[in-house]
Amino acid sequence: MWQVVVDSAAATVELGRSLGELLANGDIILLSGGLGSGKTTLTQGIAVGLGVGEPVTSPSFTLVHEYAGRLPLYHLDLYRLDPEAVWELGLVEYFGRGVVVVEWPERLGALLPREHLWVDLQPGAEENERLVWWRAKGSRHRRLLKELRCRCASWALKRQVGP
Amino acid sequence: MLAILGIDTSCDESAAGIVVDGRFLRSNVIASQIAVHRAYGGVVPEVASRAHLTSLPPVLIRALEEAGLSYADLGAVAVTQGPGLVGALLVGVAAAKALAYALKIPLIPVHHLLGHLYSCWLARPDLSFPAVCLVASGGHTSLLLWEDHLRVTVVGRTRDDAAGEAFDKVARYLGLPYPGGPALEELAREGDPRAFSFPRAWLEPETLDFSFSGLKTAVVNCCRRLEASGRSLPLADVAASFQAAVVEVLVEKTARAMHTFRGSTLALAGGVAANESLRQSLAARASAEGWDLVVPPRELCTDNGAMVAAAGYFLYRGGRYGDVFLEAVPALRLEDFLPPFFPGAIVDKSGR
Numbered sequence: 001m002w003q004v005v006v007d008s009a010a011a012t013v014e015l016g017r018s019l020g021e022l023l024a025n026g027d028i029i030l031l032s033g034g035l036g037s038g039k040t041t042l043t044q045g046i047a048v049g050l051g052v053g054e055p056v057t058s059p060s061f062t063l064v065h066e067y068a069g070r071l072p073l074y075h076l077d078l079y080r081l082d083p084e085a086v087w088e089l090g091l092v093e094y095f096g097r098g099v100v101v102v103e104w105p106e107r108l109g110a111l112l113p114r115e116h117l118w119v120d121l122q123p124g125a126e127e128n129e130r131l132v133w134w135r136a137k138g139s140r141h142r143r144l145l146k147e148l149r150c151r152c153a154s155w156a157l158k159r160q161v162g163p
Numbered sequence: 164m165l166a167i168l169g170i171d172t173s174c175d176e177s178a179a180g181i182v183v184d185g186r187f188l189r190s191n192v193i194a195s196q197i198a199v200h201r202a203y204g205g206v207v208p209e210v211a212s213r214a215h216l217t218s219l220p221p222v223l224i225r226a227l228e229e230a231g232l233s234y235a236d237l238g239a240v241a242v243t244q245g246p247g248l249v250g251a252l253l254v255g256v257a258a259a260k261a262l263a264y265a266l267k268i269p270l271i272p273v274h275h276l277l278g279h280l281y282s283c284w285l286a287r288p289d290l291s292f293p294a295v296c297l298v299a300s301g302g303h304t305s306l307l308l309w310e311d312h313l314r315v316t317v318v319g320r321t322r323d324d325a326a327g328e329a330f331d332k333v334a335r336y337l338g339l340p341y342p343g344g345p346a347l348e349e350l351a352r353e354g355d356p357r358a359f360s361f362p363r364a365w366l367e368p369e370t371l372d373f374s375f376s377g378l379k380t381a382v383v384n385c386c387r388r389l390e391a392s393g394r395s396l397p398l399a400d401v402a403a404s405f406q407a408a409v410v411e412v413l414v415e416k417t418a419r420a421m422h423t424f425r426g427s428t429l430a431l432a433g434g435v436a437a438n439e440s441l442r443q444s445l446a447a448r449a450s451a452e453g454w455d456l457v458v459p460p461r462e463l464c465t466d467n468g469a470m471v472a473a474a475g476y477f478l479y480r481g482g483r484y485g486d487v488f489l490e491a492v493p494a495l496r497l498e499d500f501l502p503p504f505f506p507g508a509i510v511d512k513s514g515r
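Note that the protein sequences, when read in sequence, are chains A and B.
163 is the number that our numbering gives the last residue of the first sequence; the numbers go up by one with no jumps.
515 is the number that our numbering gives the last residue of the second sequence; the numbers go up by one with no jumps.
Check the hints yourself; a few may be wrong.
Claimed, not checked - Partner residues are not named here, just some residues of chain B that face chain A (Cβ under 8 Å, in silico):
| no. | residue |
| --- | --- |
| 1 | 287 |
| 2 | 324 |
| 3 | 376 |
| 4 | 493 |
To be verified - Computed from the model, here is a short list of chain B residues facing chain A with C-beta under 7 Å:
| no. | residue |
| --- | --- |
| 5 | 302 |
| 6 | 322 |
| 7 | 323 |
Claimed, not checked - Far from chain B by the CB rule (all over 10 Å, computed), these chain A residues:
| no. | residue |
| --- | --- |
| 8 | 22 |
| 9 | 35 |
| 10 | 113 |
| 11 | 149 |
Derived from the structure by calculation, the hints contain no laboratory data.
Quick reminder that beta carbons are idealized off the backbone N, C-alpha and C, glycines included.
Take the sequences, apply the hints, and build the full model.
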């Protein structure tokens, strides 16, 4: 578990970009947090880090957006679904291809992939501040999180908490 | 006489309509699935897909009956190829392919945004070019430059949330029922639009793009602050102030596009066009600037088949046929569907 505090949407994008630059084929990023917590903003940063040239828009209405970057990026929003609908729509088939970013991963229920990087965005004390919690499952995602922490240490991010 | 059947199943409406010669609306039937979705608080794609399977066939038959036509009278069948929900789109595409194949008539794939544009053409078949059209709905917020038939360019688009999506998300946050847009508008009527000053995202000075994500976050922050201070939420004021922020940006950017491209007609389409506050603000701006304003009637603003048939007519004239291998494309981009070099405009300038 690792926590980082970002103080603006621009910092959230920057954090996402750092992550995006480190991602490898098969990585799965799960983003939880309430409405307006910055999930799509973080994804926009990830897309920049992956070299996606077009703007990343919210997939709430359309469910899945695909982008061609250094690796293919699949951006899913499960807001309106339950695990049964996720299963019937075949959305779990995206896992393991390219980079998959999932908003509202709580909706996956038992379909949660065993290895992933879970990111939780919570409102901070200040209005534009966000507490970003990170938890990695499986060795490759643990390695990924470690690399991200090294990265962030060097660009003097905001306050960092955690062991 | 060329009668075209248009089919749209891009989202939660099974819709079919018949238009003759690209301008005479003969029927427009919509089987809304709103009642099915209300239980889920939004469009659930799998539900949408299954419901289309059962609701589309009777809608097709009704469209023919209301037009007083039979299958044999159809000259072509047009269908929304994308963008939209893939499971929903492919029901319409499969139906259109089957009809075209069985009736031996051309199959015309249509881009959904082009369909919305031609809902304005149906409302005013002699509108003068160039026109600027604001298409605002749950899935889109785009500014289109419409220089001539089949000469359409996206000049602005949202970089995050669509306007209708922002309405839906804020409505849900405020605890309003689905569909969120009309419920929020209703609530806003009783509120003070100046009660809260929510941010307007103008972005860079030159751009015609939109952004509504920050506004959504500002509304959430504002509500949190009020709740933390122990006060009850003035829901109507929040709704009215939020709506005012969305409308101001939509109107201002549309006006900018009209100035930039020296447009003579200002058109409004998409589900958000049903919003009274947006209609009034655009009407006031258009009359002040001397622009011709075209706003289709409500039944043409939401997704419908007639607009697809009307757009299909001009694509038909341009020889843009599909075949039995036509596939639904959920992320279809207008610039890929209508490449800028496509010489459609020389095929038909009159619209007759």
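Hints, verified against the model:
1. 287: 29 Å, violated
2. 324: 5 Å, holds
3. 376: 6 Å, holds
4. 493: 7 Å, holds
5. 302: Residue 302/B check passes; min Cβ-Cβ to chain A is 4 Å, inside 7 Å.
6. 322: It holds, given that the least Cβ distance between residue 322/B and chain A is near 4 Å, below 7 Å.
7. 323: 6 Å, holds
8. 22: Non-interface label stands for residue 22/A: nearest chain B Cβ at 24 Å, farther than 10 Å.
9. 35: 5 Å, violated
10. 113: 21 Å, holds
11. 149: 27 Å, holds
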